[in-house]
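J.: Each protein sequence line maps, in turn, to chains A and B.
Residues in the first sequence are numbered consecutively from 18, following the working numbering.
Residues in the second sequence are numbered consecutively from 6, following the working numbering.
Bear in mind the hints are in silico, worked out from the structure with no lab data behind them.
Misleading hints may appear alongside valid ones.
Computed list of lysine-lysine pairs in DSSO-like fashion (alpha-carbon distance at most 30 Å, straight line) [claimed, not checked]:
1. K242(A) x K142(A)
2. K43(A) x K165(A)
3. K37(A) x K142(A)
4. K423(B) x K142(A)
5. K165(A) x K242(A)
6. K461(B) x K423(B)
7. K525(A) x K242(B)
8. K37(A) x K423(B)
9. K423(B) x K43(A)
Simulated DEER-style distance windows between Cβ atoms [as the list claims (entries may be wrong)]:
10. D127(A) x G100(B): 53 to 59 Å
11. E54(A) x A232(B): 52 to 58 Å
12. G536(A) x T226(B): 45 to 51 Å
13. E445(B) x D183(A): 48 to 54 Å
14. A428(A) x D466(B): 57 to 63 Å
15. G104(B) x D26(A): 42 to 48 Å
16. T443(B) x E400(A): 38 to 44 Å
17. G381(A) x G444(B): 57 to 63 Å
18. E236(B) x G552(A): 31 to 37 Å
19. G239(B) x D59(A): 55 to 61 Å
20. D352(A) x E362(B): 24 to 30 Å
21. G381(A) x D466(B): 54 to 60 Å
22. D26(A) x G131(B): 39 to 45 Å
Per the computed footprint, the stretches of chain A lying under chain B, defined by three or more beta-carbons under 8 Å from a beta-carbon of chain B, are [unchecked claim]:
23. 317-326
24. 358-372
25. 400-413
26. 470-482
Just so it is clear, CB atoms sit at the ideal spot from N, CA and C, and this is done for glycine as well.
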Amino acid sequence: MPVVDIDADELRELTGHADKDDAELKADLFGLGLEFEGETDDGDLQFEFAPDRLDRLSVEGVARSLRYHYGDARGVYVPETNDAEWTIEVDESVPEERPYVTGAVVRGVDLDDAALDSLIQLQEKLHATMGRGRAKGAIGIHDLAMVKGAPLQEGAEPSVTYRGVDPEGDTFVPLDSNDELTPAAVLEEHDTGRTYADLVASYDRYPAIYDELGLFSFPPVINGKRTEVTTGSRDLLVELTGTDQWTIDKMCTIVCYALSARGATIESVEIEYADGAAFPEEYGSALVRPNLETDTKSVTHDRIETLLGVDFEPEAVVDCFERSGLDASYTLGEDVTYEVEIPPYRVDVLHPLDLIDDVGRAYGFDRLEPRYPDVGTVGGRHERSRLEDAVRTSLVGLGFEDLLNFHMTSAPENYDRMRVEPGSDVVGGGDPVSITEPYSEDYTQLRTWALPSIVALLERNTHNAYPQDVAEVGFVAERDESENTNVAEHRSVAAAVARRDASYEAAKGRLQALCDDFGAELSTPRTEHPSFIGGRTAAVVIDGEPVGVIGEVHPAVLAEHDLEVPVAAFEFRLDALR
Amino acid sequence: MRLPERQLAVLEAASATDERTIDDLAAATGHKPETVTGAAFDLRDEGLLAVSETTTEHAELTDEGRRYVADGLPETRLYRAALDAGAGDGPVPMGQVIGAADLAGHEVDVALANFPRKGFGAIDSGELSVDADADPEADPEATALAALAADDDADDPIDTDVLDRLASRGLVDLVERTTRAVTLTDAGVDALMEGVEAAETVGQVTPELLASGEWRDAEFTEYNVEADAPEVNGGRKHVLRGTADRVKDVLVGMGFQEMAGPHADSDFWINDCLFMPQDHPARTHWDRFALDVPPMADIPEALLERVEAAHREGVGPDGDGYHSPWSEEFAREIALRGHTTSLSMRYLSGYAGAELEPPQRYFSVEKVYRNDTLDPTHLLEFYQIEGWVMAEDLSVRDLMGTFEEFYRQFGITDIRFKPHYNPYTEPSFELFGEHPETGEEIEIGNSGVFREEVTKPLGVDCDVMAWGLALERLAMLTTGAEDIRDLHGTLADIDFLRNAEVSY
Chain A
18 MPVVDIDADE LRELTGHADK DDAELKADLF GLGLEFEGET DDGDLQFEFA
68 PDRLDRLSVE GVARSLRYHY GDARGVYVPE TNDAEWTIEV DESVPEERPY
118 VTGAVVRGVD LDDAALDSLI QLQEKLHATM GRGRAKGAIG IHDLAMVKGA
168 PLQEGAEPSV TYRGVDPEGD TFVPLDSNDE LTPAAVLEEH DTGRTYADLV
218 ASYDRYPAIY DELGLFSFPP VINGKRTEVT TGSRDLLVEL TGTDQWTIDK
268 MCTIVCYALS ARGATIESVE IEYADGAAFP EEYGSALVRP NLETDTKSVT
318 HDRIETLLGV DFEPEAVVDC FERSGLDASY TLGEDVTYEV EIPPYRVDVL
368 HPLDLIDDVG RAYGFDRLEP RYPDVGTVGG RHERSRLEDA VRTSLVGLGF
418 EDLLNFHMTS APENYDRMRV EPGSDVVGGG DPVSITEPYS EDYTQLRTWA
468 LPSIVALLER NTHNAYPQDV AEVGFVAERD ESENTNVAEH RSVAAAVARR
518 DASYEAAKGR LQALCDDFGA ELSTPRTEHP SFIGGRTAAV VIDGEPVGVI
568 GEVHPAVLAE HDLEVPVAAF EFRLDALR
Chain B
6 MRLPERQLAV LEAASATDER TIDDLAAATG HKPETVTGAA FDLRDEGLLA
56 VSETTTEHAE LTDEGRRYVA DGLPETRLYR AALDAGAGDG PVPMGQVIGA
106 ADLAGHEVDV ALANFPRKGF GAIDSGELSV DADADPEADP EATALAALAA
156 DDDADDPIDT DVLDRLASRG LVDLVERTTR AVTLTDAGVD ALMEGVEAAE
206 TVGQVTPELL ASGEWRDAEF TEYNVEADAP EVNGGRKHVL RGTADRVKDV
256 LVGMGFQEMA GPHADSDFWI NDCLFMPQDH PARTHWDRFA LDVPPMADIP
306 EALLERVEAA HREGVGPDGD GYHSPWSEEF AREIALRGHT TSLSMRYLSG
356 YAGAELEPPQ RYFSVEKVYR NDTLDPTHLL EFYQIEGWVM AEDLSVRDLM
406 GTFEEFYRQF GITDIRFKPH YNPYTEPSFE LFGEHPETGE EIEIGNSGVF
456 REEVTKPLGV DCDVMAWGLA LERLAMLTTG AEDIRDLHGT LADIDFLRNA
506 EVSY
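Please model the complete structure; the sequences and the hints are all you need to start from.
T.: Quick look at the structure:
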């Protein structure tokens, strides 16, 4: 879940509540769903929250939410936007993998160190969330005074160009460096470049933004040093590139709201996708950004009342909407319906239901009286669950300790240490269902049988007292392309008797008792299995079907598991007892 | 008259004129004092012996008292160190003397409290002065401690005020001790005069003894019934299964039907149906166990189309979709389920069996797989309790009422519902409750009403509320296990399983 770092003094200043102490702020933020996690080294308070309200990724957004929460603000707020002077032109050379761009000009910023830190934090947090690690959207913020976009022709607007560049085709000085590097060199030599190299490494041309003086930004990797934002910067150029226009537009909106909250003025930019360049079809090839238009959704009074289980007066609902930073209007009639206006920084409202959630939060979910639903249904266990349980009960009655082992294992555990070949025609020899990118070499596949888990458990417990009679009714799986999932899943009954006098007879006596419990007819014709001693191994045949194996575990297997007592064991398919 | 051998021995060792204590009798008969005590009471019940009891108070040194006998009382050590530091000639800094006296921790407080009380000197503004005339050698508390140490059983007449003072300082424990003594009664004397024989004793009841009827005349050897018996380990159900059974019982009692379904499933059933965008971080390889098997061929076409439409365009006239890529190819890939909500999707869509008409309640307690690090509170695979209720016009209050009732069954009351966000439910709540023993506030589940983007494509036209929680979390609360790996997996310790308390 996202974490936002907040300087408590800044929060007090931005909310206009100088009197709130840290404890009160923490309590108020908990009410909004931001949970206090701890403090940073610099003494900032850290809050964790669910990733829906991404407009709260900086202190400015959190302050705005608190002002609504306190009742200091009501309804939708949209900052004024001045007309565009600047244009971002999109050249047809832009890499097709990252076609879209958006941006804004922000004037009159007054960035002290805290405000600059907050802006950088917001940028990084947006990258991590909506930007999907910069793959889907990346933000570059530049000191506009250092961007040279004077028009080539008299009277034309200043502009910058988003275009593609050959990896070795140009040079610039990136942030945190003093060297002129090509984009390809940045990916190899620069720390930030190496971190994000995977995002663009496969592109034929790399994304780049040019002004009159040349390359000044290499999205999504790093900005140029020339346009670096400092506390002395007054006017900013914000540019975003990415794979989805809506996503970068929304990220841009959240940045603009944050800067506007600190008194800056937002100025539009024009985005012009050149002929031949891919452009976002739903918006066209000429855009004016940032897009601060509000959205509207309608929701019925009846749905609000049934979902929350509360009777409301329409005015009370409108009050809840306004305290959530929304505007709502309605007409009285048989069915009251609210037209709700949603500010552009909200990225989480996909459906009218999301508006009902806002009403619930504003009203206070903690005010709702729980009630047990007056709905009659009949309960019951699944047939297989009852069978598993009955077999487990019989095994426990026969003196077995019931086990619960992991379903994931490794090939050495499942096959090699049991002397079984993968793909062989013996119990446990089925083809493995392997994990594509295993996290640990101990867990690389599903187990094809349960006995290896049991022998591994005995291996772990040689320090404990014997006898150790253990059993498991559990999940096993093997590759099987006749199944829709291409995985055949079974429940297996596996048991082992580990004691000084463990013998084939000891195992068979217990297996026989178990089969008798379920009225199943057991026979044990001689067979061979690499995990068991030759001549002391049999197939488990229940009601005429071969379903498993029983025998004395081979000394080679025991030695492999550091076991110094004999072990007799059996394993068969649970379904045989149905 | 016949008496068991030990009773006879005690009777013969007793006297009609002198009281003999239990210890005396034990020495005389060669039996243990507790055996003699038992026999004496049996004989008293027969009217052959009289038993008297006297209670005396007795002082025993505590560990701290014993330590001071060896090292000297802290205040005495302080006094000597102060003298050595020249306090006889004028006040000396206290810190220096404490160091020299080798006092630490609790002993410092003890020394500083008792030093002035005993008139060894005065403490003022961090400086110590001593009364050169004081004589620690004559300190009655030290003398009494030494006397007690010299002979723990000594009944020396130590002044009771001194004893009380030592007890209040925690240096001695005052314990009551009961001494029993016996004398022969007249009946006892008569019996001995007439002659008493020892009865024959039998070690074990045998079939022969029962068949012959000889048991009638047999005296059974007494066992030490308090002694430990050899360890017996019967089989028992796994402690986590016990918790799972309890959960199933509760849910069946509340009208829930159990679900079952595949562990390896397509991303379609695991995530797409749940309205999880395909570029959601939980769907990357970091969290997900993708399997190297071919994709799922058979997914109902119409359902697939409706789910894709929900992702791309949203549901309803005012619905918006995600601005995320969506591919059928990804939807068909097979992975281990990260939650059992895949089963809920199969049941709600009617794919797992019959089309469901409201009202319905379903649950499962089944395994899920998460690509995480293995540590005391996280497992790669664990059990998820999943439940849902499908009915017309369910409200958030019904959700709250249902979950309150469920948790109440496990002794967890005062559930708190913290508004939360899930991609698949709205409104959503994290559930918090108080630990029944520690009183700590802990997260015990996640819940909500399924979004229409989930239910509509499945063909469900009413409300469905759902919740989930890790069974292990509940089990750790009820068993007190601190390392989840003790409970679950091949690392499990058999001893732990054998000794874990049964939950019911």
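J.: Now look at each hint and say whether the structure bears it out.
T.: Here is what the structure says about each hint:
Distance hint between K242(A) and K142(A) is fulfilled; the C-alpha atoms sit about 22 Å from each other, no more than 30 Å. For the proposed pair K43(A) and K165(A), the alpha carbon gap of about 45 Å is over 30 Å, so the pair is violated. A hinted pair counts as satisfied when its Cα atoms are at most 30 Å apart, and K37(A) with K142(A) qualifies at roughly 26 Å. Straight-line distance between C-alpha atoms of K423(B) and K142(A) comes to about 24 Å, which keeps the hinted pair within the 30 Å bound.
Only pairs whose Cα atoms come within 30 Å are accepted, and K165(A) paired with K242(A) is accepted, the gap being roughly 14 Å. With a C-alpha separation of about 26 Å, the suggested pairing of K461(B) with K423(B) holds against the 30 Å cut-off. With a C-alpha separation of about 21 Å, the suggested pairing of K525(A) with K242(B) holds against the 30 Å cut-off. As the CA atoms of K37(A) and K423(B) are separated by approximately 23 Å, the hinted pair is consistent with the 30 Å bound.
Annotation: proposed proximity of K423(B) to K43(A) holds, straight-line Cα distance about 15 Å (limit 30 Å). Distance hint check for D127(A) and G100(B): the Cβ-Cβ separation is about 55 Å, which falls inside the suggested range of 53 to 59 Å. As the Cβ distance of E54(A) to A232(B) is approximately 55 Å, the hint placing it in 52 to 58 Å holds. The hinted window of 45 to 51 Å between G536(A) and T226(B) holds, with their beta carbons roughly 47 Å apart.
The hint said 48 to 54 Å for the Cβ distance between E445(B) and D183(A), and at roughly 60 Å that hint is violated. Between A428(A) and D466(B), the C-beta spacing of about 48 Å breaks the proposed range 57 to 63 Å. Between G104(B) and D26(A) the Cβ separation comes to about 46 Å, which falls inside the hinted range of 42 to 48 Å. Our hint of 38 to 44 Å for T443(B) and E400(A) holds, since their Cβ atoms are close to 40 Å apart.
A hinted range of 57 to 63 Å for the beta carbons of G381(A) and G444(B) is inconsistent with their spacing of about 25 Å. For E236(B) paired with G552(A), a C-beta distance near 35 Å keeps the hint of 31 to 37 Å intact. The beta-carbon spacing between G239(B) and D59(A), approximately 60 Å, falls within the hinted interval of 55 to 61 Å. In this structure, D352(A) and E362(B) meet the distance hint of 24 to 30 Å, their C-beta atoms being roughly 26 Å apart.
At about 30 Å, the beta-carbon gap between G381(A) and D466(B) misses the expected band of 54 to 60 Å. Here the CB-CB span from D26(A) to G131(B) is close to 41 Å, well matched to the stated 39 to 45 Å. Beta-carbon proximity to chain B at under 8 Å applies to 4 residues in the stretch 317-326 of chain A; the threshold of 3 is reached and the given coverage holds. Counting residues of the stretch 358-372 of chain A whose beta-carbon sits less than 8 Å from any beta-carbon of chain B gives 7, enough to reach three: the coverage restraint holds.
Interface restraint, the stretch 400-413 of chain A with chain B: holds (7 residues with C-beta to C-beta distance below 8 Å; minimum three). With 7 residues having a beta carbon nearer than 8 Å to a beta carbon of chain B, the stretch 470-482 of chain A meets the requirement of three or more and the stated coverage holds.
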